[in-house]
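Trainee: Chains as they are written, first to last, in the numbering used here: chain A, 1207 to 1535; chain B, 253 to 511; chain C, 1032 to 1320.
Hints listed in this document are in silico derivations from the structure and should not be mistaken for laboratory results.
Note that the structure is a prediction, hence the values are computed from the model and not measured.
No residue lacks a Cβ here, since even glycine has one placed at the ideal position from N, Cα and C.
Mixed in with the good hints there might be a few duds.
[Said to hold, decoys possible] Simulated restraints, written as ranges between beta carbons of each label pair:
#	chain 1	residue 1	chain 2	residue 2	range
1	C	ALA1115	A	LEU1241	49 to 55 Å
2	B	GLU422	C	LEU1252	53 to 59 Å
3	A	LEU1506	C	PRO1036	53 to 59 Å
4	A	LEU1384	C	SER1293	37 to 43 Å
5	A	LEU1384	C	ALA1115	45 to 51 Å
6	B	GLU422	A	LEU1241	52 to 58 Å
7	A	GLN1360	C	LEU1169	39 to 45 Å
8	A	LEU1384	B	GLU258	50 to 56 Å
[Stated by the list, open to error] Straight-line Cα separation of at most 27 Å, DSSO-like style, residue types lysine-lysine; simulated pairs:
#	chain 1	residue 1	chain 2	residue 2
9	B	LYS306	A	LYS1326
10	C	LYS1124	B	LYS306
11	C	LYS1124	A	LYS1326
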Amino acid sequence: MSEQASVGIRFHVAIRRSKLLRAGAALLVLVGWPLVIRGNYLVYIATLVCLYAIGAMSLHLILRMGQVSLGHAAFMGLGGYTSAVLVTAADLPFVLGLFAGGAVAGMLAGLIGPILLRLKGVYFVLVTFTLGEIVRLVFVEWISVTGGSSGIYQIPAPAPLFLDLTAYYYLALAAAMLVGLFCNRLLSSDIGRAMQAMRESESLAEANGIPILRIKVVMFVVAAVLVGFQGSLEAHFIRYISPLSYDFSESLRFLVMNVIGGLNSLAGPILGALFLVVLPEMLRGWVEIQWVLYGIALILIIRYVPGGLVDFAARILAFLMAPRQVGVS
Amino acid sequence: MTRILEIAGLSKSFGALKAVDDISFHVEEGEIVGLIGPNGAGKTTAISLISGAKRPDAGGVVFRGEPVTNLPPHRLVRKGLVRTFQATNVYQSMSVRENVYCGAFPAVYRDFWSAALATPSRRELQHGTWRRTDRILAQLGLAAQADLPASQLPYGGQKTLGVAIALASEPRLMMLDEPAAGLSAEEVDHVAEVIRAVNRDGVSVLVVDHNMRMISALCHRIIVLHHGALLTEGAPQQVTSDPRVIEAYLGKRHEPIGG
Amino acid sequence: MFTVPVLSQIVLNGFVLAAIYTLVALGFTLIFGIMRIINFAHGEFAMLGGFLVFFMLQVANMPFFVALPLASFAVAGGGLVLEALVYRPFYQKELQGMIATIGLSTVIVYSAVLLFGSHQRSIPASFTAIFTIGPVILPADRLAVLTVAAIALAAFYVFITFTRIGLAMRVVAQDLEIAEAQGINARATYRAAFFVATFLAALAGGLLAQLYSLSPFMGTLPLVKSFIVVILGGLGSIPGAAAGGLVLGMFESFVSTFYGLSVAQFASLGAVIVLLVLRPEGLLGRAER
């Protein structure tokens, strides 16, 4: 074997090993840092990042099919309210509330999905926006169940253990990692490839035997269930919810996370969640300026780097790591 | 010989425009049938109606003895009825290999969740499909470009890739929409050779095109559409010297078309 | 309940709402019909119109009927700058353009918050008189709003039907390729359409500010109403925007008086979903190719 070939093989083995090492190191950092850096505030923010990553990743599934939903927060609200009501009013355990929340969100998605997903492009955007508004109105008007505009107070933590911020962080982290692994599996599977085909050309995908409506509906339901879980987890974390927690600006947030982070890879929504949760907290006194900057970032990114920050980072990396030709062999 | 495809009384209007007007024809198993006619004759619409991409206003389609009118395209693909497109016939962002793999989707899709979660039981299925993908690429002369993004293929290559994608679903009947459009004479010959080879393997073909040289040499039978209606059908020699066909294409001239 | 004073109020309010909704929706549908962009920042232009009118009244002491058109021109003029910077790269690219306008909307709203503060304020009322004709009560401010809106809508109708630019806009909205083949300058048409659309939105904002109140966040309501109106009337259809505005305005006025505001909101949103599913092109629109 030539020297170059054996170097090549060693290189690949090294990459494999380094990937595992990096994953292990990352896991260690994610799990271990709260034990080293004591800071309740940081743990609080980290928990929020994990929770929002779940919702952002779930919207990502829909976006990868080429559909834009502006009503995603409605499903989060269904999860949150279902869980909160069942636990506070009916005294059910948290786990039941969590799964009921996901189930209710999933059921609505399953019911209207087959109808709404026949619409394409801007019509789908408008109808999901309308859906979000209707659900929010239900939260506001159905006072006997949801408490109306005042919301629901004193939602209990899942268990006394989870009154500790660090414990909740681990719960949120575990949930986010599970969701991330699941979504990654989905997106790298044959279904993920079918979704890419659908996004690029529906007529061609259909002509290749891909059951478009079926895949769209199932993904829509999956996304609803996942963000419903976020709703429930978040409700029992912040311990107060109101219709304002699930309005249009929340749906927009998920979209912005995806666009800024990157629409073409699962790392996008994760990065987006990190940015859009951490930055507002860090720049506490500068809320308005932040939003102005987000708006500008949105415009610039969608214009020049449609692949988002992930794409941007990849390009920079590629540029930096490009082999430099020094002399000619 | 059995009829693999039977069209009866197919019609489709778009507003005031009658794109397809009560056409009936058939394709025998193992045949290569050409579908020709001047622009606007309704050929592509007819293909869309047969493949399920559009719903006919009237009429029926029978495929391998089974009525399939109004079924969505992906169901028809499973039954072995496949079409290609004039434009957007490949996935630009994917590699050539992945493009063909997408065409084989009906083979790898058993049910949603086993496909989505890539369970170990599917590994064999996937491997087999990748192998078949590579075989098709080799058969069509695209093996060298397998890992290139489809957007980097020359126009002729993309057309061939479109045929490869259609082949990947193991069709019984392939409907090709203008496979020779925009190709050089060499490339046209290559496409014709591919179609013949595919036909030898047992696939029936319905091909729409304007290239009369290729159609006459390739097809067992030709069907002529004009203004959405059936004008005539028959063997290539017959059709190309039929004065009505010549008139439809060229106005009143007395030369057989295709030179 | 069905007394003349009550009914006349409802009808008057219905017309007022219809007029304002139509003004905003017309611009929105113009931008979608011609440039194929869902303008999420449309409500913000209304908001800017309202604020500019406020400052002209407050600071420069102008009469309302002078401030209103001036403010609208100013906003529309400023809009042209934004058109070149933000909108132009996205024409005919629906979803990307939508996201860009979402970004723009955020920039405008929060810049307004930085400049003006986030609180609501009311602008000095220019019309406090109340006329009565028999049992019918006609507040002067609503009459003024109706008059201005009627003039603007009439002018727009003349413009879009009888002027060359108006015709160009209608042709481009129908079919861009044919329009360019006819020698129509698409770029100039886009700019003109954007100017008109923004002018109407700013006008509506000034009227809204007169009737209700002013805040950087007030743009959301006109935007949502625009959605509803154009879905009712058909995305991209100009007569549809007028028809949809009338239907929505009257409907809201009647239903909210007798059944309350929330029922009216539910009903109109519900109607939107049903329409989008059954007939996405609206009552008067063309089916998407």
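Trainee: Does each hint fit the structure? Answer for all of them.
Mentor: Outcome of the hint check:
In this structure the hint that C/ALA1115 and A/LEU1241 lie 49 to 55 Å apart at CB holds, the actual value being about 54 Å. Look at B/GLU422 against C/LEU1252: about 56 Å separates their beta carbons, and that is inside 53 to 59 Å. For A/LEU1506 and C/PRO1036, the Cβ-Cβ distance of about 55 Å falls inside the hinted range of 53 to 59 Å, so the restraint holds. At roughly 39 Å, the beta carbons of A/LEU1384 and C/SER1293 sit within the given window of 37 to 43 Å.
A beta carbon spacing of about 47 Å between A/LEU1384 and C/ALA1115 agrees with the range 45 to 51 Å that was offered as a hint. Against the hinted window of 52 to 58 Å, the Cβ-Cβ separation of B/GLU422 and A/LEU1241 comes to about 57 Å, which satisfies the hint. Range check, A/GLN1360 to C/LEU1169: about 51 Å between beta-carbon atoms, so the 39 to 45 Å window is missed. The supplied range of 50 to 56 Å is met by A/LEU1384 and B/GLU258, whose beta-carbon atoms lie about 53 Å from each other.
This hinted pair checks out: B/LYS306 and A/LYS1326 have alpha carbons roughly 17 Å apart, not beyond 27 Å. For the given pair, C/LYS1124 sits about 25 Å from B/LYS306 by alpha-carbon distance, which is consistent with the 27 Å threshold. Distance check on the hinted pair: C/LYS1124 and A/LYS1326 sit about 14 Å apart at the alpha-carbon level, within 27 Å; holds.
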